[in-house]
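J.: Sequence:
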Amino acid sequence: MKRKRKTPSAETASKKPKTANSSSSCPTAALLRQYYPHVSTLREYLVSRLSKGSKQTSRRLLRYGDGSQPDDDAAVVQLLDKTLIGCFDQSSVVNYECIDHDITVFTQQLSECSEVVGPTQGAFKQSETVDFVIWSLFQRQHSWRRPAHILCHGYQRTTSPGDGGELEIVPGIPGILSSCTNPYVQTLKGKPWSMLPSLLGRKAELIIGGMLMQAGVFTPIDGSSNLFQLSGTPMSDLKPQVAKPAKEESLSREKSRASTGGRSHTEILFVRHRMLYARPSLTSRGQLRVGPNHLHVLNRLRKTDDDTETVQVMKYIFPRQFGLHNVFTSDVDPEETAMRFKDYTLREKEIAAVEQRAKRRKTTAGPLGLQSKRPHLPKRLRGAAFRLVQSIRKRHMRCPYHVLLQHYCPRRVSEQTAGGGSTRNASTPAEVSAFCRAVVLHVFPNALWGSTAAGAHNRTLLLRRVDQFVRLRRYETMSVHDVLQGVKIRDVDWLAPPSLDDHSNLSATDFSKRRELMAEVLYYLFDSFLIPLIRGTFHVTESNVHRNQLFYFRHNDWKAMTEPALSSLKTGMLEECSAADVRKMLAKRALGVSQVRLLPKELGMRPIINLRRRAQRLQHGQMVLGKSINSLLTPAFSVLNFEKGARPEMLGSALFSVDDIFPRLQAFKHGLQRNGHGGSPLYFAKVDVQSCFDTIPQKRLMALASTIVRDDSYRIAKYARAKLVSGQSKESPSFGARPSWKFLTKASASSRPFSFADETVADTNEGRSRTVYIDNVVQKAESRKAVLDLLEEHVQANLIRIDQRYYRQKRGIPQGSIVSSLLCSYLYAGLERDVLGFLAEGQTLLLRLIDDFLVISSDRSVAERFMHVMHAGIPEYGVQVKAEKSRANFDVLVRGKAIARLPQHSDFAYCGHAINTVSLDLSKDHERRRKTNIADSVTVDCSRLPGQTFYRKTLNAVKLQMHAMLLSTKYNGVQTVWANLYHSFSEVALKSYHYLHSLPAGKEPGEGLVIRTLDEVVKLACVLMKRRKRTSKDILPYECCVSNAQARWLAYTAFHAVFLQRQTKHGGLLQWLKTQLASRDLGVQRKLLEPVAKGYR
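Residue numbers (UniProt numbering): 1 to 1097.
The hints are simulated quantities; they were obtained by calculation from the structure and are not laboratory data.
Owing to the predicted nature of the structure, the values given are computational and were not obtained by experimental measurement.
A portion of the hints provided could be inaccurate.
[As the list claims (entries may be wrong)] Think about it this way: if two alpha-carbon atoms lie no more than 30 Å apart in a straight line, the pair counts; the simulated DSS-like pairs of lysine-lysine are:
1) 1065 <-> 488
2) 513 <-> 488
3) 959 <-> 1026
[As the list claims (entries may be wrong)] If you anchor each label on the Cβ, the simulated ranges turn out as follows:
4) 302 <-> 488: 20 to 28 Å
5) 603 <-> 1023: 38 to 46 Å
6) 861 <-> 1043: 22 to 30 Å
7) 568 <-> 295: 27 to 35 Å
8) 101 <-> 312: 46 to 54 Å
9) 647 <-> 337: 38 to 46 Å
10) 745 <-> 861: 40 to 48 Å
11) 355 <-> 407: 39 to 47 Å
12) 670 <-> 337: 17 to 25 Å
13) 376 <-> 464: 34 to 42 Å
14) 603 <-> 801: 24 to 32 Å
15) 572 <-> 166: 47 to 55 Å
Ideal Cβ placement from N, Cα and C applies to all residues, glycine included.
With the sequences and hints as input, model every part of the structure.
T.: Structure representation (structure tokens):
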């Protein structure tokens, strides 16, 4: 029988165009694929959009630049092969009827306008296509807001009263005004983009117009792997594509999501941040209320026998069944809340609005409508479900909250110990967990979780999840999927339809509905009962020492601890404002009102002024979230940063990060060797200013600010940049990877406008790679007076609300403000010039990180004089020093009191690092490491793809350890660098162990993934050791002469030492490490490096 010949259509469908340069060759394409399902080069995209009848045009595009035609333009070839297009669909046939209709309307409007020239007869030119795209985007935007598209930046539809005469009519775009020039519009209108229509031929405007409107266009930055977005919706406004887990789980999730029509359960995370920093709820007698506050629906509706009230409570528990806003199917308006999901404590207005709409439908529907109306109570919630909610209400009213709290979490603070401020006064997580579980058992009946053995299993599983919820660290959370996983839904009787036979088979739709109802109950229990329960009973906060660990203080204990600190704060730093003064200040304030919270230390409290809170305000007759005080201060912060770069001498010896220590020490060490003082003894002296932010003199600071802000006006520009972090595997670059965004604001003098192109080039020269930039285009003008007024209001008129009273900060500046550190550095630079000028004599180095001063000098008298001057106090700068925190490596008496002395030849601790007092070698502070619990710094994410998250976080931990100051053998001795590497690998090993140990059962990654992660850690460390470009701050060229074999031995030995003491579940990893260490190339390193490992332990 003769073989059947393939049809042309089938052959066409199976073939794909082959191009010399593919998007897969671009290293930054992996980042784009996080947001766009399909990424291709411009050449591939255009070929895929051509119709089947355009074979000649396709061949011309594919062969353009291959050398067959000598007149091919090199710039066009570069454009076709280097420009990347990110799109959301891959269909080769696109319906352009809508675009064609818009072009007809656009052409008619242009012809009716006498002030502009109409489009070219026949085909559009490239410039006309770009104008059409801008016009069409505005036409499709029905609200008053500007379209979220890069080509629309700088354009608007109408004028507003504050625009003045800056707006101009845009020729060629009817009805559109321009406030500034959009450089990307000009780029798309010029060469080589203007040559594309001639290549595409007929209907080029449809293809190019569709691309500019619907896709993201990214062009490379010369000489790098970086890209910037030229067109499309800003990538920073898009949501990353959902990462797919294993095939089976992926299929089940897709089916679940398709059946529910909303968010998957793994996407719904409990907003634990709501339970932090709560204030106590008081009864009508002024006593502390235990449990959910008076606004909770179970406390508001107290008639337990009233069926109407029971139905009202059911609308809080099952909002999805009643068509109310819920986390499963409803969108969250960012104007209403800054959280991931809404707070459903009060939803009476929403319920009333839904009932009102239902009544209107009832009156207009007529008799037929009355027959088909939705029942008052959904069928699944009748009978058993209704009776269970009644039982919950009654059990809540009878629940002995006070007795349970006193039994499980007894008071820790008495009248004699009040005011200590120690974290030891907090209830332990085990006590809080026991209290919460006891309350849940008292309020929620057993029948809610099922009968017989299945009910006991579900109840035990629920209590275990409550315990995990309480023990989570500050930034950790759980999802509905985590809580629902393992629940035996089939055996929960009330979930079944009322008329279902007990012996009938369970259908897929019935199981899906039961799962939906149980998910609503569990979300209500955790989000709307457990979190309010903790808020109403405990003040939950982190501490100043324990990083991410949370502490639970009973409200009465917290009140007794904080009252002395608040009283001291009110009398020392604050002054109370009268009601009339408050009204006047609020009427003209731009920054709003701050709130203060106290952070517990080992002893005492630290006041933190919250300036990141977004308060609600009235806009267009509706309450929306306003900007935080820190957001409103961004222009002033940007101007100060600009002046910092323009005149660095005004900041003296200020450091703005720990990494800034390295170039200063390089220059100092180089100067000592050049002047013949390389072998001279060095004298170290360190002091710490007491409460520096709270003691800064406001008038002196504002006088200094007027000299810093010198230009009459400034321009504020914004842009964003993204990078894919931890995608190290070449075989699967997206494995474990996640986009990391930075939103930057830059100021410049109006006479020297900010150049986005220069900024990206500077970043490239500093070694930044595989980054995508998105420019905001529009630059906002800020006058000198406006900046100084903003700073003056913030510094001298900072309004703080404590309870129901208002206070003005009369001394110091707010701690927690984005400008505080910079203003403090400027002020202390003045102190250096006025008081510490003698430090410029001889071979002396002054380092200052905010309030930590360190002097290194070859002259002992200079170091001694520094200690005496600082400890005497400098009142005009608000400087007082505590002698207990001062350190020196020589004997010195200050006011008859000896300063704590370190050995002459030792490592001197400073800001988490240690400086050798003889060689100036830099290392990590070992003493600080011994006092720190690494487990407190770990944040575990087990809600989705826990294995990939472990992989990403471990690689990120390595990157954070690879500092040039610790690895440079040009500056440090080789022995020091070996010790630093071993220290770094040990910290990574400890973090990875604690991360694995904190994962719940069933979420731990397999031994193979752990071994793969460790292998990638070593490879990444070997790359980072060698790859570092010399920056403008470096005095000595960077070099690390540690071999890869030495780095591998140090890494494997560090991991082996950490996991050997905790061998459970890690036998395979330890065996793999032994095999690696026994290899020939690593065995020869043992004798050389073993003393380093022993010295660390």
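J.: Does each hint fit the structure? Answer for all of them.
T.: Okay, the hints, checked on the actual structure:
| no. | hint | verdict |
| --- | --- | --- |
| 1 | 1065 <-> 488 | holds, 29 Å |
| 2 | 513 <-> 488 | holds, 14 Å |
| 3 | 959 <-> 1026 | holds, 13 Å |
| 4 | 302 <-> 488: 20 to 28 Å | violated, 34 Å |
| 5 | 603 <-> 1023: 38 to 46 Å | holds, 45 Å |
| 6 | 861 <-> 1043: 22 to 30 Å | violated, 45 Å |
| 7 | 568 <-> 295: 27 to 35 Å | holds, 32 Å |
| 8 | 101 <-> 312: 46 to 54 Å | holds, 50 Å |
| 9 | 647 <-> 337: 38 to 46 Å | holds, 42 Å |
| 10 | 745 <-> 861: 40 to 48 Å | holds, 46 Å |
| 11 | 355 <-> 407: 39 to 47 Å | holds, 42 Å |
| 12 | 670 <-> 337: 17 to 25 Å | violated, 54 Å |
| 13 | 376 <-> 464: 34 to 42 Å | holds, 37 Å |
| 14 | 603 <-> 801: 24 to 32 Å | holds, 27 Å |
| 15 | 572 <-> 166: 47 to 55 Å | holds, 48 Å |
In summary, the numbered hints that this structure violates are 4, 6, 12.
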